[in-house]
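Please construct the entire structure, taking both the sequences and the accompanying hints into account.
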Amino acid sequence: MFRTMTRAAALATALALPLAAAAQEGDTAPNGVVTLYPDGMFPPTGTWNLATRAGDFVYVAGMRGIVPETNTLAEGNEARVRQAFVNMQTIAASQGATLQDAVRIVVYVTDMYRYRPIVNQIQEELWAGRPYPPRTIIEVDRLNQDDIVEVEGTFYAPRS
Amino acid sequence: MFRTMTRAAALATALALPLAAAAQEGDTAPNGVVTLYPDGMFPPTGTWNLATRAGDFVYVAGMRGIVPETNTLAEGNEARVRQAFVNMQTIAASQGATLQDAVRIVVYVTDMYRYRPIVNQIQEELWAGRPYPPRTIIEVDRLNQDDIVEVEGTFYAPRS
Amino acid sequence: MFRTMTRAAALATALALPLAAAAQEGDTAPNGVVTLYPDGMFPPTGTWNLATRAGDFVYVAGMRGIVPETNTLAEGNEARVRQAFVNMQTIAASQGATLQDAVRIVVYVTDMYRYRPIVNQIQEELWAGRPYPPRTIIEVDRLNQDDIVEVEGTFYAPRS
Chain A
1 MFRTMTRAAA LATALALPLA AAAQEGDTAP NGVVTLYPDG MFPPTGTWNL
51 ATRAGDFVYV AGMRGIVPET NTLAEGNEAR VRQAFVNMQT IAASQGATLQ
101 DAVRIVVYVT DMYRYRPIVN QIQEELWAGR PYPPRTIIEV DRLNQDDIVE
151 VEGTFYAPRS
Chain B
1 MFRTMTRAAA LATALALPLA AAAQEGDTAP NGVVTLYPDG MFPPTGTWNL
51 ATRAGDFVYV AGMRGIVPET NTLAEGNEAR VRQAFVNMQT IAASQGATLQ
101 DAVRIVVYVT DMYRYRPIVN QIQEELWAGR PYPPRTIIEV DRLNQDDIVE
151 VEGTFYAPRS
Chain C
1 MFRTMTRAAA LATALALPLA AAAQEGDTAP NGVVTLYPDG MFPPTGTWNL
51 ATRAGDFVYV AGMRGIVPET NTLAEGNEAR VRQAFVNMQT IAASQGATLQ
101 DAVRIVVYVT DMYRYRPIVN QIQEELWAGR PYPPRTIIEV DRLNQDDIVE
151 VEGTFYAPRS
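Protein chains in written order, with this note's numbering: chain A, 1 to 160; chain B, 1 to 160; chain C, 1 to 160.
FYI, nobody ran anything at the bench for these hints, they're computed from the structure.
Heads up, a few of these hints could be off.
[As the list claims (entries may be wrong)] Which residues of chain A face chain B? A few of them, derived with a C-beta cut under 10 Å, are: (1) Val34; (2) Phe57; (3) Arg104; (4) Asp111; (5) Pro131; (6) Pro134; (7) Val140; (8) Thr154; (9) Pro158.
Note that the structure is a prediction, hence the values are computed from the model and not measured.
Note that beta-carbon positions come from the ideal geometry of N, C-alpha and C, so glycine has one too.
Structure representation (structure tokens):
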């Protein structure tokens with residue numbers, strides 16, 4: 001399931017830009033759930049995948065600030081949070097959805113006072129005036145790899 | 001995006017009644033996600049909105065016990081929890097959905113032993129004999145404003 | 001709403017097998033949400049139900065490792081985690097959905113280092129080569145009954 005990154009994808013990643021819609025659609029279950037392997041993303045290394053499509057909805061796994069190009073966590077809290085949201089954005093874009101097409105996000109932080117302001121700032125930057133989605137934000141005990149922020153997004157991307 | 005509350009809305013709020021279906025539908029994204037600004041609700045003051053509609057589903061942001069009329073937290077644990085659920089109910093009602101149309105709720109509490117019984121009691125009161133939705137309830141480290149309970153609901157409200 | 005378990009269901013449970021698709025569909029709300037009472041499952045004893053169907057989606061409540069046959073928690077961490085996933089699987093199966101039809105799961109553990117490896121192992125076993133769904137996994141403060149793992153799944157099961 002690993003896809004090597006294209007040069008364009010690597011460049012877009014380096015610039016923290018969402019990739020142009022480039023859907024790699026993999027396995028389709030009998031009932032119609034499509035497992036997604038978007039170009040330019042890191043390969044999931046455990047018992048999970050990056051996203052699915054079912055009907056008109058796209059379900060993105062909890063995203064952390066892993067830089068696809070290097071498959072390591074972004075350095076610095078602000079860069080880390082931005083990368084988490086950009087990863088979500090990249091996956092949504094592969095199905096023709098923008099951040100404005102998020103129907104809901106859930107944000108998990110390990111310190112509400114430290115990281116919520118950064119999340120707010122990054123959302124302002126990335127949404128850039130478009131309406132924000134409903135959000136639930138909670139402080140949890142621990143994330144994988146003792147990370148600081150994880151964001152889980154659901155998107156609406158009707159097939160035309 | 002702020003809407004001043006109507007007198008009827010203020011009254012309904014004071015009585016902790018769900019408002020009659022009064023949808024303020026705002027921005028619609030190209031893909032069709034509708035950001036909702038229900039009458040009688042407090043204005044979200046950060047990087048989030050109260051709810052979206054996409055297709056036949058309504059996604060409500062994590063609701064806490066903020067009294068719309070005063071935009072402050074309800075006093076007392078029971079009143080606080082009731083208000084959180086009533087806020088969710090009000091938003092759903094604006095799209096023609098009742099509590100019976102919840103497909104799932106997730107409840108976040110900061111003390112399972114103290115607040116779960118209150119959540120149960122308020123649900124009994126508000127559902128009033130109608131079947132309860134699937135629920136996930138977890139104790140988290142912290143909610144925004146060091147609040148005690150937050151509830152996130154997803155509703156089914158097909159456009160007829 | 002309590003349904004006594006059939007012998008077949010009890011056997012399947014004892015063997016930790018998903019039950020054959022046996023949907024008990026109960027109350028249907030005016031808008032069309034169907035509350036599900038799958039055969040062979042334990043009865044929910046509080047202000048919640050096991051699952052709903054709305055349109056083509058099935059929403060399963062957060063499942064813990066309760067053995068339906070005895071209505072008590074499975075003994076041992078591995079058995080407990082397996083039972084939680086099998087419960088989710090059983091409920092999905094009652095609507096014609098397999099684990100491959102999960103569009104998303106959220107896994108709540110109370111110790112990331114101790115229980116995440118067990119979750120991974122059980123998922124490998126149960127998915128058995130089929131693509132995994134997107135996953136969000138977080139460590140929380142506490143689950144109901146001081147349990148160790150809870151899993152919440154959403155499934156796609158279009159009515160043909």
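Going through the hints against the structure:
no., hint, verdict
1, Val34, "17 Å, violated"
2, Phe57, "7 Å, holds"
3, Arg104, "4 Å, holds"
4, Asp111, "8 Å, holds"
5, Pro131, "4 Å, holds"
6, Pro134, "3 Å, holds"
7, Val140, "6 Å, holds"
8, Thr154, "7 Å, holds"
9, Pro158, "6 Å, holds"
Checked against the numbered hints given earlier, the structure breaks only hint 1 and satisfies all the rest.
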